[in-house]
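> Chains as they are written, first to last, in our numbering: chain Y, 1 to 335; chain F, 336 to 599; chain U, 600 to 1294.
Check each hint, because a few of them may be wrong.
[As the list claims (entries may be wrong)] Okay, the calculated beta carbon distance ranges per label pair: (1) U:918 with F:566: 50 to 60 Å; (2) Y:229 with F:446: 50 to 60 Å; (3) F:547 with U:859: 52 to 62 Å.
[To be verified] In the DMTMM-like style, the derived pairs of lysine to aspartate or glutamate whose C-alpha atoms are separated by at most 20 Å in a straight line are: (4) Y:317 with F:586; (5) F:501 with Y:15; (6) Y:193 with F:488; (7) F:537 with U:1113; (8) Y:195 with F:488; (9) Y:165 with F:502; (10) Y:195 with F:486; (11) Y:317 with U:1230; (12) U:1248 with U:1270; (13) Y:193 with F:452; (14) U:1237 with Y:90; (15) Y:270 with F:577; (16) Y:195 with F:452; (17) Y:153 with Y:35; (18) Y:291 with F:577; (19) F:501 with Y:73; (20) Y:291 with F:575.
[Said to hold, decoys possible] Partner residues aside, some chain Y positions facing chain U, computed with beta carbon under 10 Å: (21) 147; (22) 220; (23) 223; (24) 247; (25) 278; (26) 298; (27) 300; (28) 313; (29) 314; (30) 315; (31) 317; (32) 318.
No wet-lab data here; the hints were simulated from the structure. Note that this is a predicted model, so its numbers are computed, not measured. From the three backbone atoms N, C-alpha and C, an ideal C-beta is built for every residue, glycine too.
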Amino acid sequence: MANHKGVLVCGEIADGKLAPITIELLGVGRKLADELTEELCILLMGGKTGGLDKEAIAYGADQVYVAEDSLLDGYNSDAYTQVTANLCQEVLPSIMLLGHTDVGCDLAPRLNARLGGGLAMDCMGLSIDPATKVLVSTRPIFGGNAYATVLSKLARPQMATLRQKTVPPAERNDARQGQVIPVENKIDPSGLKVKVIDRIKEEVEGVKLEDAEVVVAGGRGIGSAQNFEMIRELARVLGGSVGATRPPCDEGWTPVMVQIGQSGKVVSPKLYIAVALSGAMSHIVGCLGSKVIVAINKDPEANIFSVAHLGIVADFKEVLPALTSKFKELLPTQK
Amino acid sequence: MHTIVCIKQVLDPEIPPAKFKIDPEGKKVIPPPGVPPVISVFDERAVEAACRLKDKHKGKITVISMGPGKVADVIKHAIAMGADDGFVLQDPAFENLDSFGTAYVLGKAIQKIGGYDLVLCGRYSADWNNGQVGSILAEILGISVVTSACDIEAVDKKLRVKRILKDGYEVLEAPMPSLITVSGEIGLPRLPAGMRLMIASKKQIPVWKAQDIGAEPSALDKANAHLEVTGLSVPARKTECEFVTGNTPGEAADNLALKLVKLM
Amino acid sequence: MECLKEVIVSPVSATYWGIPGYVIFWVLFAVAFGLFAQRFYLLYRLMRLGKQENRFDRISERIKAMLVEVVPQWCTLKTVTRKDLAGLAHALLFWSFSLFFISYIIFIGLAGGFGLSPLIERTPFETVYFSILDIAALLVTLILIVAAIRRYVIRPPRLEPTAEAGIILVMVFSLMALHVIGVGFDHASRGVHTSWPPLGAALAGFLNQTGLSQTTLEATSRGVWWLHYLVILSFMVYIPHSKHLHILASLVNAFFKPLGQKVVLEPIPLEALEAPEGEATFGASKILDFTWKDLLDLYACAECGRCHIHCPAQLTGKTLSPREVIHHLKEHLLETGPKLLAPQAEPSSESQVDMPAKTMIGDVVTEEEIWACTTCGACQEVCPVNIEHIRKIIDLRRNLVLSQSKMPESAQVMLRNMQQRGHPWAGVQSMRLRGDWTSGLELKILAEGDNAHTLFWVGCTGALVERNVNATLSMTRVLKAAGVEFGVLGESETCCGDPARRAGYEFQFQMMAEQNIEIFKGFNIKEILTACPHCYNTIKHEYPKYGGDFKVVHYTELIADLIRQGKLKLPNELNSRLTYHDPCYLGRYNSVYHEPRRILQAIPNAKLEEMERSRDTGFCCGGGGGLMWIEEQPGTTKISQMRIEDVLKTGVETVVTACPYCLQMFEDAIEHKGVKESLKARDLVEIVDEAMKSS
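Working from the sequences, and respecting the hints, build out all of it.
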């Protein structure tokens, strides 16, 4: 245990750049490393990582491990696990941070299974206990109904996946100095059991949900695919995006890509209109960052009203058409 | 094809949030009275995935569940959906295990059952949301793992799995046996039909204790837990919601639009 | 009278082309009867292919019920309203036609076929009988004209302008005309001069004046007689081929009608449970999955369409019409039936027969129709021939849910909740927990080892839905004020199973029923007081089949009784105009019409106005049969809103009901209509609670 030192961030590359979550991880990792007076390292994996090592240093890394291999071009669970596990066994970090992303959610538990560390998933807060110098992670449980603080007394590395957009990104300082270390270990092809056949992107019409300024989201109460059109119509008029809780996605009223909440996306628009959704915490955790939350629900006791700023207690089928046409009237310039 | 599904019984995630109570001292959640626990959401989808494979390729589904109390209920639920057999893993030594401990116990039970082509778990449990047991279990069993599947097909002794991504999905090919964790996108679980409900309700579910599966006390020693819960809290949240009204819902909608336009 | 001396020669005793009339008479009869019997036997055999069901109990009671209903024509007279007198017309037709039927036996069968005419003809009996028939014929003709105008010109929604109906009208008219014409020619040809029977005699007088030769008159008279005979025979042959089969089938159906309880749902038979998995069919997917009684119902239908115009689903623009369901099932049976009989199949081996190209669910009755039914019972209430529509719908649902796993999403959400959570209200949809309503009240919440004589069974909606909890609280105050001792189950109460059963999820219902019965017995409960008419009906009528015989009381019955005994005083003036809506499962299903009204009348200054559709013709709120949770067909009017229109017509300030579903539905509809300020929906017990308070 005493051999384990430093904070290692598992970096992600998106469209040839450091993914936003990686910059966030560098930010929080820097703080943790400083408190421990240890070093912050990052691992970058890919077919080519061209120039991103410099960038990682600018965002706060002291050391950048670079693993370049054609097998690492695009996420391959077996290959990434192998490379990362090997590196951890060599470097012996005390803390290992990943993003709570498609990659992190898959990689972190696998890695931990190999390393036997202590992993906290989906964290919203990370800190160092001043007395014991142990990593304390805060994470939502029971779909956000409660928060737990967890720590690993003995198991190392102490691992965590961090939810996106919960900490500010690291500040860039191009003057920073750091070391780039190529990872030499070759990937053992016999360890690659699961083959990636294809990767398909599903486009969702309109503004990208995560970037939208207005999100209109529907829940189970919408009742049918046909009724969900009303949600789309309002979103169109407001120039916003459509979101949903899990039931409409389950029922196929709307693509699963628009699911907001714990098992979906996290959004923070200026205006969030929640329609016919009761407000299960597992959904609310996905929209709490919104500036104004409007709830339309016929049950005055629906939980959504406990987080909403404005509300109408009525059947959405009566409200939405009127609301949509009023907006059409008031926002003549909207397409 | 023989599929083993690991399921968990959890506090009903659909209880009203206002009724969610914890004991911060004991670091426990206090289940509200009169609310029957249910099968964890994604675990039920895993059972559904197993049933779909059985619909297509025949074979057998075995369900296991570790937990205190009336865990047999979720096994019965899975049997009502289409599983053939089920075992309860129950022992005082199994209580309050972390992900490693849980995976160890499940692994022992799966090794006892043996002869499987596929192990399914939910993507994460609806209570502690850890999302690790599947991956650790695969490591223990020494088989491949695919997480967050939204579709599973068996083709030529191989598994073709769609893994859900934030902006689409990837198609993976895994050998048999493998462990796959199932995500919600696989679709709604079936309503137990036919007389399966009756068959299940009358079925005796065997209970396996630590010694039945050969679980070593040392491996279950909680002092060696990888992760420890040190605090529990319920988020304070109470926004003053301003209710917009009108003589009719339509009028209320108009008033709301007027308010929002000012904010925008 | 000179005519008495005349030798009476009936047309049958003449010889035609060398063939004796008797031979022709009996050959014709044999052919016609053969055709009739052949058809009839086919129908009988088809019916026997249906599943077993015992309706042979309480024979004397059944005979009595049948006679009381049919002979005085109560079956159709009960449906007479100021706007629809067809029932009265039917009764007159029935009685008239009965007279004609008897006359055919006497004057054509006995007099003609058996050569007894000398004993019968020209007797005062004949004169009197024929005179009555004359009047009847005139009456029938008038009714036929009105009926034809109604069906083909005015076209009320309940009647279809079919060719079949036209054929029948023409045939019946021919019978009437031929009777009168026959008498006219008979009298004219034999020179009978009397003034009775009036029409016949008048026609005879007219014929005598035309100067037609005696031969012509005699020949025509015979011709008319034979034509009359032929039409009678044709009518007999046509009956089992047409909707007039109901003449026979409805009589039998009245005998086999459910006694006591109005909607009888049979548990799924044991053999279905014992069949190997995957081979068992549940409910009805093929026509022969229905019981013989269900098939008899199809024969009994006269397509009068009363069900069609009383069905709330139909009236609000949904695709369901009980008349069409029955009619299409009948067509389907007759279409596929002969094929099913062809290989001399045993009733039990019908599964080996090639399946008809049409599937019953889908082609004959659509899923949309099946899920539109609120099981309100309006169709069965008005049906003059005792057709049991609802259990057929439930059987179809059972098949969809249990065998095919096909149901609307909303139905599946509800059923999943029933299965996993023990109540139909989806998790977060309800912001309460089962036992919340008991907090702060001093109640006897039954726990292990307790005993209670009377259990107050709250019901899911009364315990879980905010609006209804208010009524539940009123209920406990009223019970306490009247000194009624009772226990409650609190958080351990579950659903009675009604929504699962109505939605076809029979096994879930059965498990809940068995479990509840066990709980009741465990606490030694003798009497169950329910707030919800659906629980009331289920526990009272459906639990006994699972071994649960308890005294079940709806609160309206109890409160009416408490008031009568003076144990409950209602001193406070209400000073409000109100109307009472009969919940279907309290009214039509259980005939509790008076108690709620008696309670309201006991409150000083409560001015009760009746809606046009009330009591047995009360209109559903839209919430029964699981439809509280299952989405109504999109693009149609909501049933609850149509009902609120009825309320608004009375101009009252309050609509009172005694069912949690109705209350929910009305609150919704009032909100929709934007009449919150002028109209309130209240549960009767809330009104009682207010009238009782000593403030």
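> Taking the hints in turn, state whether each one holds.
Against the structure, the hints come out as follows:
1. U:918 with F:566: 50 to 60 Å: Between residue 918 of chain U and residue 566 of chain F, where Cβ atoms are some 58 Å apart, the hint holds.
2. Y:229 with F:446: 50 to 60 Å: Holds - the Cβ-Cβ distance for residue 229 of chain Y and residue 446 of chain F, about 52 Å, lies within 50 to 60 Å.
3. F:547 with U:859: 52 to 62 Å: This hint holds: roughly 55 Å between Cβ atoms.
4. Y:317 with F:586: At roughly 13 Å apart (the allowed maximum being 20 Å), residue 586 of chain F and residue 317 of chain Y satisfy the hint.
5. F:501 with Y:15: holds, 15 Å
6. Y:193 with F:488: holds, 17 Å
7. F:537 with U:1113: holds, 13 Å
8. Y:195 with F:488: Holds, at about 15 Å.
9. Y:165 with F:502: holds, 17 Å
10. Y:195 with F:486: holds, 16 Å
11. Y:317 with U:1230: The given pair, whose Cα atoms are some 13 Å apart, holds under the 20 Å limit.
12. U:1248 with U:1270: Roughly 17 Å between the alpha carbons, so the hint for residue 1248 of chain U and residue 1270 of chain U holds.
13. Y:193 with F:452: With Cα atoms ~15 Å apart, residue 193 of chain Y and residue 452 of chain F stay inside 20 Å; holds.
14. U:1237 with Y:90: Since the Cα atoms of residue 1237 of chain U and residue 90 of chain Y sit roughly 69 Å apart, the hinted pair is violated (cutoff 20 Å).
15. Y:270 with F:577: holds, 17 Å
16. Y:195 with F:452: Status holds; Cα separation ~18 Å.
17. Y:153 with Y:35: Answer holds: residue 153 of chain Y to residue 35 of chain Y is near 18 Å, not above 20 Å.
18. Y:291 with F:577: holds, 15 Å
19. F:501 with Y:73: holds, 18 Å
20. Y:291 with F:575: holds, 14 Å
21. 147: violated, 20 Å
22. 220: holds, 7 Å
23. 223: Constraint on residue 223 of chain Y satisfied, holds at 5 Å.
24. 247: Nearest chain U Cβ about 8 Å off; hint holds.
25. 278: holds, 4 Å
26. 298: Holds: closest Cβ of chain U sits about 8 Å from residue 298 of chain Y, inside 10 Å.
27. 300: Residue 300 of chain Y check passes; min Cβ-Cβ to chain U is 8 Å, inside 10 Å.
28. 313: holds, 9 Å
29. 314: Constraint on residue 314 of chain Y satisfied, holds at 6 Å.
30. 315: holds, 7 Å
31. 317: Result: holds, 9 Å to nearest chain U Cβ.
32. 318: holds, 6 Å
Comparing the model with each earlier hint shows violations of hints 14 and 21; every other hint is respected.
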